[in-house]
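Given these sequences and hints, build the entire structure.
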Amino acid sequence: MHRLFLVPTLAINAIIILIPAVLTIALAFFRWDGISAPVFIGLANFQSLASDHVFWGALINNIIWTALFLTIPIAIGLLAATLMLVARRGSAFFQVIYFLPMVIATAITARIWQGMIYSPLTGVAGLITRAGFPLPSPLTMTSTALYGIAAVDLWHWWGFLCVIFFAALRQVPQEQIEAARIEGATFWQTMRYVLLPGIRPTITLMMIMTIIWSFLVFDFVYILTQGGPAFSSEVLSTLAYRNAFYDLAVGKAAAVAVVISLFGLATTAVYIRLQAREYAQ
Amino acid sequence: MRFVESRKTFIITYAVLGILLVITLLPIALLVINSVKPHAQIVQNPLAWPEVYRWDNFVRAWNDANFGRTMLNSALLAATTIVLVCTTGSLTAYVLARRKVKSWKVITFYLLGTTTAPIQLFLFPLYFGFAKLGLINNIFAVSLVYTAVYSPFAIMLLRTYFLAVPRELEEAALIDGATHWQVFSKVMLPIVSPGILTVALIIGLYSWNEFLIATTFLQRADNHTAVVSFFLLSGQYSSDWGEIMAAALIVVLPIVILFVLLQRRFIEGMAGGSVKG
Numbered sequence: 001m002h003r004l005f006l007v008p009t010l011a012i013n014a015i016i017i018l019i020p021a022v023l024t025i026a027l028a029f030f031r032w033d034g035i036s037a038p039v040f041i042g043l044a045n046f047q048s049l050a051s052d053h054v055f056w057g058a059l060i061n062n063i064i065w066t067a068l069f070l071t072i073p074i075a076i077g078l079l080a081a082t083l084m085l086v087a088r089r090g091s092a093f094f095q096v097i098y099f100l101p102m103v104i105a106t107a108i109t110a111r112i113w114q115g116m117i118y119s120p121l122t123g124v125a126g127l128i129t130r131a132g133f134p135l136p137s138p139l140t141m142t143s144t145a146l147y148g149i150a151a152v153d154l155w156h157w158w159g160f161l162c163v164i165f166f167a168a169l170r171q172v173p174q175e176q177i178e179a180a181r182i183e184g185a186t187f188w189q190t191m192r193y194v195l196l197p198g199i200r201p202t203i204t205l206m207m208i209m210t211i212i213w214s215f216l217v218f219d220f221v222y223i224l225t226q227g228g229p230a231f232s233s234e235v236l237s238t239l240a241y242r243n244a245f246y247d248l249a250v251g252k253a254a255a256v257a258v259v260i261s262l263f264g265l266a267t268t269a270v271y272i273r274l275q276a277r278e279y280a281q
Numbered sequence: 001m002r003f004v005e006s007r008k009t010f011i012i013t014y015a016v017l018g019i020l021l022v023i024t025l026l027p028i029a030l031l032v033i034n035s036v037k038p039h040a041q042i043v044q045n046p047l048a049w050p051e052v053y054r055w056d057n058f059v060r061a062w063n064d065a066n067f068g069r070t071m072l073n074s075a076l077l078a079a080t081t082i083v084l085v086c087t088t089g090s091l092t093a094y095v096l097a098r099r100k101v102k103s104w105k106v107i108t109f110y111l112l113g114t115t116t117a118p119i120q121l122f123l124f125p126l127y128f129g130f131a132k133l134g135l136i137n138n139i140f141a142v143s144l145v146y147t148a149v150y151s152p153f154a155i156m157l158l159r160t161y162f163l164a165v166p167r168e169l170e171e172a173a174l175i176d177g178a179t180h181w182q183v184f185s186k187v188m189l190p191i192v193s194p195g196i197l198t199v200a201l202i203i204g205l206y207s208w209n210e211f212l213i214a215t216t217f218l219q220r221a222d223n224h225t226a227v228v229s230f231f232l233l234s235g236q237y238s239s240d241w242g243e244i245m246a247a248a249l250i251v252v253l254p255i256v257i258l259f260v261l262l263q264r265r266f267i268e269g270m271a272g273g274s275v276k277g
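Residue numbers (the working numbering), protein chains in the order written: chain A, 1 to 281; chain B, 1 to 277.
Please keep in mind that the hints were generated in silico from the structure rather than gathered at the bench. Careful: at least some of the hints might be erroneous.
Covered by chain A, according to a simulated footprint, are these stretches of chain B (three or more residues, beta-carbon under 8 Å) [unchecked claim]:
#, segment
1, 88-94
2, 165-177
So the derived list for chain A, only partly shown, Cβ under 8 Å to chain B, looks like this [as the list claims (entries may be wrong)]:
#, residue
3, Phe99
4, Trp113
5, Met116
6, Ile117
7, Val163
8, Ile164
9, Gln189
10, Tyr246
11, Val250
12, Ala254
In this text, a Cβ means the ideal position worked out from N, Cα and C, and glycines have one as well.
Written out as structure tokens, the structure is:
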């Protein structure tokens with residue numbers, strides 16, 4: 001009887017995710033333009049990726065992205081969450097404002113930054129340039145495009161981490177904190193030896209999710225630069241999308257999707273390992 | 001928690017929190033003030049307060065982005081997705097929370113696994129399959145895709161609400177002769193309804209804001225969502241940034257109003273769902 005309860009969820013999941021995912025893995029070994037019959041070509045898609053500098057550039061960009069998001073937003077989020085503990089008053093207000101960018105559609109956030117901040121004509125960067133301090137749009141230069149996009153995503157993202165860390169910090173047992181205070185620990189000592197260890201599971205989980213999400217990043221890159229200029233901000237997900245829908249190289253796109261998934265799988269495996277070790281202790 | 005700190009610490013604390021507040025609000029403020037300015041004045045200074053109020057920016061944005069139609073599409077898409085996710089998700093969440101089937105562990109891990117899969121892992125065969133079946137430009141088909149993508153998150157969140165219901169309630173109903181279906185629909189569902197409301201809000205938000213799937217599967221102008229029609233307006237059809245910001249405000253405003261009114265639900269749902277998942 002209860003098995004029937006699962007049928008709708010699992011049926012929808014199988015049709016939309018599981019079967020197409022299996023097909024994608026199979027397609028990675030075929031050449032297919034989406035219309036004619038697929039041709040089996042073995043590992044040729046992966047071999048052509050291995051010799052494609054755009055693919056390696058995209059992979060490196062994903063790794064840079066992961067490094068940026070493992071450090072900057074987690075540091076800002078932790079700092080702000082801690083300060084909200086100190087501030088006592090107004091923390092609910094700060095929390096709502098910091099969270100606000102998360103509910104704005106990525107397409108809109110991207111356009112606000114593009115037009116109102118980065119644009120040399122209508123943006124704040126243009127205003128600064130006209131005031132005598134040349135500030136070209138980071139999105140138009142190969143050396144800075146990726147960082148220009150990352151800044152937009154950081155703005156949209158860090159508040160979410162801050163709210164999560166703040167919620168976790170408030171769950172650290174009161175007695176531990178009081179004990180530390182009675183022992184004469186300063187605030188920063190309390191932070192270092194009581195609060196941070198207390199929320200370590202949350203920080204670990206967020207870091208794991210950050211790595212997984214960093215390999216999925218798509219919207220901001222696709223909207224702000226389409227991976228340009230000259231593929232300098234290309235990431236794996238935009239590369240796969242371009243391969244499939246612009247170059248009609250669906251097999252190659254599938255191969256890229258498989259590579260992205262492998263990174264996610266490896267990260268998840270590490271996480272389960274870590275969890276198991278924690279339980280074993 | 002109480003920390004007795006020096007005056008200096010307090011000043012630094014509020015200064016840093018204040019700076020972060022300004023950084024967060026600046027782009028949003030630029031969105032709002034420039035939505036009522038003529039393009040020429042934005043070119044002059046995007047930071048300046050409007051000298052004249054061009055309310056017709058909103059009228060032109062509404063017409064050029066065809067929001068009368070596309071907002072309706074977005075609302076329809078969000079509503080269908082909410083109904084599908086809440087009905088199918090609450091059934092699954094109940095079974096998994098109460099471990100009613102032997103395979104509950106495998107299914108839970110599988111569902112968690114799908115949340116970490118890239119959309120590109122299933123997008124291409126799905127697209128060409130939908131194309132073959134004539135399901136491109138079909139809003140109901142897209143809501144099925146959203147349902148599959150958002151369900152795992154919804155199920156993990158709903159599961160925590162079911163776990164909080166005392167077992168005795170269920171057992172009492174069974175002893176009184178209720179069927180399994182009655183226990184679920186008459187006893188459990190009413191108790192977890194606050195959780196279902198939270199899930200509905202968040203799924204509605206995600207569907208309204210979603211970009212990648214909507215832009216891939218809904219290609220005919222009549223079937224665009226509001227976010228996609230905004231994206232196309234700002235990319236191709238208009239270079240008047242006053243109009244573009246007005247269009248952005250039209251799409252964002254319903255969401256921001258809901259968020260401000262129901263902030264606790266949004267924050268707990270979005271943060272809780274991804275932490276306890």
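Given A:Ile117 as an interface hint, is the shortest Cβ-Cβ distance to chain B below 8 Å?
Since the shortest Cβ distance to chain B is 7 Å, the answer is holds.
Next item in the hint list is A:Gln189. Is there a CB on chain B closer than 8 Å to its CB?
violated, 12 Å
Double-check A:Tyr246 for me: the hint is only fine if its C-beta lies closer than 8 Å to a C-beta in chain B.
At about 12 Å, which exceeds the 8 Å cut-off, the nearest Cβ of chain B leaves the hint on A:Tyr246 violated.
Taking the least C-beta to C-beta distance, is A:Val250 closer than 8 Å to chain B?
holds, 5 Å
May I ask you to test the interface hint for A:Ala254 with respect to chain B, counting a Cβ-Cβ separation under 8 Å as satisfied?
It holds, given that the least Cβ distance between A:Ala254 and chain B is near 6 Å, below 8 Å.
Does the interface hint hold: is A:Trp113 within less than 8 Å of chain B, judged Cβ to Cβ?
holds, 6 Å
Let me know if the C-beta of A:Val163 comes in closer than 8 Å to any C-beta of chain B, holds or violated.
holds, 5 Å
Whether chain A covers the segment 88-94 of chain B (at least 3 residues having a Cβ closer than 8 Å to its Cβ atoms)
holds (count 5)
Check of the segment 165-177 of chain B against chain A for coverage (Cβ-Cβ below 8 Å, three residues minimum)
Contact hint for the segment 165-177 of chain B vs chain A: violated, 0 residues under 8 Å.
Hint check, A:Phe99 versus chain B [nearest Cβ-Cβ separation less than 8 Å]:
With Cβ-Cβ at 6 Å, under 8 Å, it holds.
Classify the hint on A:Ile164 as holds or violated, based on whether any CB of chain B lies nearer than 8 Å to its CB.
It holds, given that the least Cβ distance between A:Ile164 and chain B is near 5 Å, below 8 Å.
Hint validation: A:Met116 versus chain B, beta carbon distance must be below 8 Å. Holds or violated?
For A:Met116, the interface hint holds, since the closest Cβ of chain B sits about 4 Å away, which is under 8 Å.
The structure does not agree with the numbered hints 2, 9 and 10 stated previously, though it agrees with the rest.
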